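Chain order of the listed sequences is A and B.
Once you know that position 219 of the first sequence is 219 in the numbering used here, the rest is easy, because the numbers rise by one and skip nothing.
Once you know that position 46 of the second sequence is 314 in the numbering used here, the rest is easy, because the numbers rise by one and skip nothing.
To be clear, the hints were calculated from the coordinates, so they are not data collected in a lab.
Predicted model only: the values in this text are computed from it and were never measured.
Each residue gets a CB set at the ideal place from its N, CA and C atoms; glycine is no exception.
Mixed in with the good hints, there may be bad ones.
Derived pair list, reagent style DSSO-like, types lysine-lysine, alpha-carbon separation capped at 30 Å [said to hold, decoys possible]:
| id | chain 1 | residue 1 | chain 2 | residue 2 |
| --- | --- | --- | --- | --- |
| 1 | A | 232 | B | 343 |
| 2 | B | 568 | B | 598 |
| 3 | A | 232 | B | 274 |
| 4 | B | 568 | B | 601 |
| 5 | A | 225 | B | 272 |
| 6 | B | 360 | B | 499 |
| 7 | B | 333 | B | 360 |
| 8 | B | 272 | A | 170 |
Okay, the calculated beta carbon distance ranges per label pair [as the list claims (entries may be wrong)]:
| id | chain 1 | residue 1 | chain 2 | residue 2 | range |
| --- | --- | --- | --- | --- | --- |
| 9 | B | 521 | A | 154 | 49 to 57 Å |
| 10 | A | 264 | B | 602 | 47 to 55 Å |
| 11 | B | 540 | A | 17 | 13 to 21 Å |
Reference listing, derived: stretches of chain A covered by chain B, where coverage requires no fewer than 3 residues with Cβ under 8 Å from a Cβ of chain B [said to hold, decoys possible]:
| id | stretch |
| --- | --- |
| 12 | 69-81 |
| 13 | 136-145 |
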Amino acid sequence: MNILVCVKQVPDTNEIKIDPETNTLVRDGVPSIVNTFDGYALEAAARIKDNAPDTKIVVLSMGPAQAEAALRECLAIAADKAYLLTDRAFGGSDTLATSYILSQAIRKVEDTEGKFDMIFCGKQAIDGDTAQVGPEIAEHLGYPQVTYALEVQEAAADQLKVLREAEDGKQVVGVGYPCLVTFTKPSFDPRFPTIKRKMAARKAVIEQITAADLADIDLGRAGLKGSPTKVKRTFVPPRKKSGMMITGETPEECAGKLYEALNGAHII
Amino acid sequence: MEAKTKDLWVFVETKEDGSAKNVGIELLSPGRTIADKQGGALVALVVGCGVDQAVEEAATHGADKVVVVDSEEFKEYSTDAYAAALTTLIEKYGPASVLIGATPNGRDLGPRVSCRLNTGLTADCTGLDVDDETGCVCWTRPAFGGNLMAVIMCPDHRPQMGTVRPGVFKKPAASGQKAEIVHEDFHFPAEDIRTKLLENIQEAADELVDLEGADIIVSGGRGVGGPEGFKVLQELCDALGATLGCSRAAVDAGWISHSHQVGQTGKTVGPKLYIACGISGAIQHLAGMSSSDYIVAINKDADAPIFGVADYGIVGNLFDVVPALTAEIKKRKA
């Protein structure tokens with residue numbers, strides 16, 4: 001099997017703070033990580049490879065030069081080869097433009113790596129939270145998609161069996177190749193890199209792809225200019241005015257007062 | 269594509285029994301406001317199999333027109349068939365704007381449709397408005413795990429599309445007016461559906477957790493201390509008719525299943541009342557529950573961030589306060 005995993009380097013949203021003076025995000029000093037959900041996608045690919053060792057896992061990331069660090073981490077965990085898609089012309093892309101550029105790059109990478117049977121993505125990135133880039137890549141490529149996957153049950157010769165989260169339970173879905181799957185949090189923890197793989201990843205060559213390498217790309221569909229959606233403004237969500245603290249001598253007294261308050265406001 | 273009209277479309281997702289999912293009817297509220305400001309009609313698009321009930325709900329809750337696709341191949345949701353139906357009808361009628369509920373299916377479908385139409389889609393919106401200057405829809409959505417809100421516009425592409433979070437808008441009241449109903453004879457060859465549902469694993473009734481539809485949620489975090497601790501919360505749930513939720517910390521510790529999890533990697537909820545017990549209030553958790561109407565926080569740590577979003581707070585041990593509250597409710601109800 002030939003698997004491509006798309007990954008994004010994101011700021012660790014656990015570490016993001018709001019500057020109380022300017023009411024803006026403080027991103028300085030915030031560590032960059034591999035998007036959590038992309039890690040689950042990589043783990044799913046690694047598990048297929050555990051069963052079928054001749055599987056190849058290629059990772060692709062679009063981002064600035066620093067995103068190389070995220071790709072090296074993927075190499076340390078499970079990937080065999082990494083590509084960084086980077087160009088100023090790609091900056092400011094919304095999900096439609098991003099997915100267009102990625103779909104063009106996937107075709108380019110396939111010239112070297114062969115056609116991918118599966119393209120795995122995280123369900124969403126933890127910074128943008130749109131969950132749109134995966135399905136949009138599938139649309140650009142004309143592939144079927146399975147979203148909210150928990151794990152791959154079987155990568156059979158004729159179809160991929162995926163366990164996915166549905167609204168009122170779980171589903172097992174079968175899909176032929178090539179296909180695109182987006183992953184959410186599985187019931188198991190993804191593996192850690194070994195020391196040996198970490199060392200190798202440090203020295204690995206990361207192939208760079210720029211706009212000039214993509215012969216068929218229409219740059220009018222890339223970057224800020226090629227993005228139909230525009231950010232008009234951003235703001236920090238207003239904090240609720242502090243609510244009422246309920247105090248009392250005993251828990252029973254507190255509970256009684258809380259009940260009165262909720263009942264008085266017709267909440268219960 | 270070019271918009272042929274100033275109309276606003278709401279995609280009304282249907283349930284297996286042919287009724288409408290709540291969010292589709294909810295979206296008729298902001299849909300009406302936007303359609304009026306843009307000078308267009310409010311159109312509901314109902315897709316499914318045996319969906320008379322959903323059509324009736326949409327027709328009596330403020331839609332001017334209901335466009336219906338009712339056919340066997342839409343009985344269960346599939347990306348391929350639904351994306352084809354939406355794209356074809358949007359191209360045929362040319363609405364200016366399209367709203368889709370940000371349910372799992374809505375978020376699977378939306379990007380397929382917007383991408384095929386080569387237009388913009390704004391994800392998981394919590395606020396909708398119309399820009400006075402341009403007349404474009406202003407889509408407000410959270411990003412960075414809820415740390416930042418962004419207002420997005422789609423100035424030059426049509427239709428303007430967005431998925432909208434369930435529970436944010438209230439259903440409009442049923443009106444005496446009845447919408448025009450248009451049946452579209454649209455079919456999608458079943459053999460062209462490239463995903464096959466092999467098995468449906470319904471959660472057992474006692475494991476079925478409907479957090480999104482809950483009026484009251486009692487939720488526990490690290491402070492609950494272990495699986496036994498959730499029994500105390502379950503008793504409060506039983507007294508209130510509430511649904512049991514939890515934070516990621518409790519799932520990671522293995523105390524409760526992921527299906528109860530509220531937050532960025534769990535469910536996004538908007539109940540009337542959210543009672544957070546022993547939850548510190550990490551931003552990822554707040555992202556999933558801060559649109560609740562009322563929030564109560566019970567926590568030992570007076571500095572816990574959860575108190576910053578709470579309407580009512582009690583600093584104390586949840587194992588003292590929660591049973592006392594359960595007893596109080598039982599006493600009052602008796």
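Within 8 Å of chain B's CB atoms, at least three CB atoms from the stretch 136-145 of chain A: coverage verdict: It holds, with 6 qualifying residues against the three required.
Satisfaction of hint between residue 598 of chain B and residue 568 of chain B, Cα-Cα up to 30 Å: 24 Å, holds
Do at least three Cβ atoms from the stretch 69-81 of chain A come closer than 8 Å to Cβ atoms of chain B? Not satisfied, violated; 0 residues make the cut.
Quickly compare the C-alpha distance for residue 225 of chain A and residue 272 of chain B to 30 Å and report which way the hint goes. Between residue 225 of chain A and residue 272 of chain B the Cα gap is close to 24 Å, so the pair holds against 30 Å.
Holds or violated: the 49 to 57 Å window for the beta-carbon distance between residue 521 of chain B and residue 154 of chain A? Given about 31 Å between the Cβ atoms, the range is violated.
For the pair we were handed, residue 568 of chain B and residue 601 of chain B, check the Cα-Cα distance against 30 Å. Cα-Cα ~28 Å, so holds.
Evaluate the given range 13 to 21 Å for the C-beta pair formed by residue 540 of chain B and residue 17 of chain A. Cβ of residue 540 of chain B to Cβ of residue 17 of chain A: about 31 Å, so the range 13 to 21 Å is violated.
Given the hint that residue 272 of chain B pairs with residue 170 of chain A, test it: the Cα-Cα distance must not exceed 30 Å. Since the Cα atoms of residue 272 of chain B and residue 170 of chain A sit roughly 40 Å apart, the hinted pair is violated (cutoff 30 Å).
Proposed proximity, residue 499 of chain B with residue 360 of chain B (alpha carbon, max 30 Å): Violated. Residue 360 of chain B to residue 499 of chain B sits at ~55 Å, over the 30 Å cutoff.
Given the hinted pair residue 333 of chain B and residue 360 of chain B, is their alpha-carbon gap at most 30 Å? 15 Å, holds
Please test the hint of 47 to 55 Å on the beta carbon pair from residue 264 of chain A and residue 602 of chain B. 19 Å, violated
Holds or violated: are the alpha carbons of residue 232 of chain A and residue 274 of chain B at most 30 Å from each other? 22 Å, holds
Violated hints, listed in ascending order, are 1, 6, 8, 9, 10, 11 and 12; each of the other numbered hints is respected by the structure.
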